[in-house]
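> Sequence:
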Amino acid sequence: MAIQAAAHTRMATLDVKDMFFMIPLREEDKPQFAFTWEGVQYTFNRLPHVYKHSPTIAHNALAKLLDTVEVPSDIRIYQYRDDILVGGDNKEQVGQVAKVIWDSLTKNGLDIPPSKCQGPGQEIKFLGAWWIAGAVAVPDDTLSAIEKGQTPGNKTELQ
Numbered sequence: 000m001a002i003q004a005a006a007h008t009r010m011a012t013l014d015v016k017d018m019f020f021m022i023p024l025r026e027e028d029k030p031q032f033a034f035t036w037e038g039v040q041y042t043f044n045r046l047p048h049v050y051k052h053s054p055t056i057a058h059n060a061l062a063k064l065l066d067t068v069e070v071p072s073d074i075r076i077y078q079y080r081d082d083i084l085v086g087g088d089n090k091e092q093v094g095q096v097a098k099v100i101w102d103s104l105t106k107n108g109l110d111i112p113p114s115k116c117q118g119p120g121q122e123i124k125f126l127g128a129w130w131i132a133g134a135v136a137v138p139d140d141t142l143s144a145i146e147k148g149q150t151p152g153n154k155t156e157l158q
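Start counting the sequence shown at 0; every next residue gets the next number (numbering that gives the first Met the number 0).
Please keep in mind that the hints were generated in silico from the structure rather than gathered at the bench.
Derived CB-CB ranges, DEER-like:
#1 Phe34 / Asn59: 21 to 29 angstroms
#2 Glu27 / Ser114: 32 to 40 angstroms
#3 Leu142 / Lys51: 29 to 37 angstroms
Computed list of lysine-lysine pairs in BS3-like fashion (alpha-carbon distance at most 30 angstroms, straight line):
#4 Lys98 / Lys63
#5 Lys51 / Lys106
#6 Lys98 / Lys124
#7 Lys124 / Lys90
#8 Lys29 / Lys16
#9 Lys124 / Lys63
#10 Lys115 / Lys63
#11 Lys51 / Lys29
#12 Lys29 / Lys106
#13 Lys29 / Lys63
#14 Lys115 / Lys147
#15 Lys63 / Lys90
#16 Lys115 / Lys98
#17 Lys90 / Lys16
#18 Lys51 / Lys16
#19 Lys90 / Lys115
#20 Lys124 / Lys16
#21 Lys115 / Lys51
#22 Lys124 / Lys147
#23 Lys63 / Lys51
#24 Lys16 / Lys115
#25 Lys90 / Lys106
#26 Lys16 / Lys106
#27 Lys63 / Lys16
#28 Lys16 / Lys98
#29 Lys63 / Lys106
#30 Lys51 / Lys124
#31 Lys154 / Lys51
#32 Lys124 / Lys106
We put the beta carbon where it would ideally sit given N, CA and C, even for glycine.
Please take these sequences and the hints and turn them into a complete structure.
Written out as structure tokens, the structure is:
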């Protein structure tokens, strides 16, 4: 279900800090992440940010942890990579579920800075947009940046 379709009147957000670096690599996978720099071979111990599948792996790892959290039927959890939104119509329930998620994830070794959490409230910023009682509004500064943006002149600039 899309956030807009649900039209939650109360929301809270959590943001996992450095999610990619929180995922340890299995010993048998480490050779796949080996590299040489100035004649010395190194390997990552944690999922590297530059690996093209890191976002998918991180998203799935967090989704598995979120699946262990019990939530009331009228509360929804939305996740995009390391960003989490809890939505519902009861401020206390939304706050309680956000706290349970925070406790569960930090217990599993993830870092969720309180400064990167919002709500519960009627207005929150999530994925670069303002969500107001379930409706989305793109901030003026984002619209201005898009309007001022230059059209790419070639394939490299487009990437």
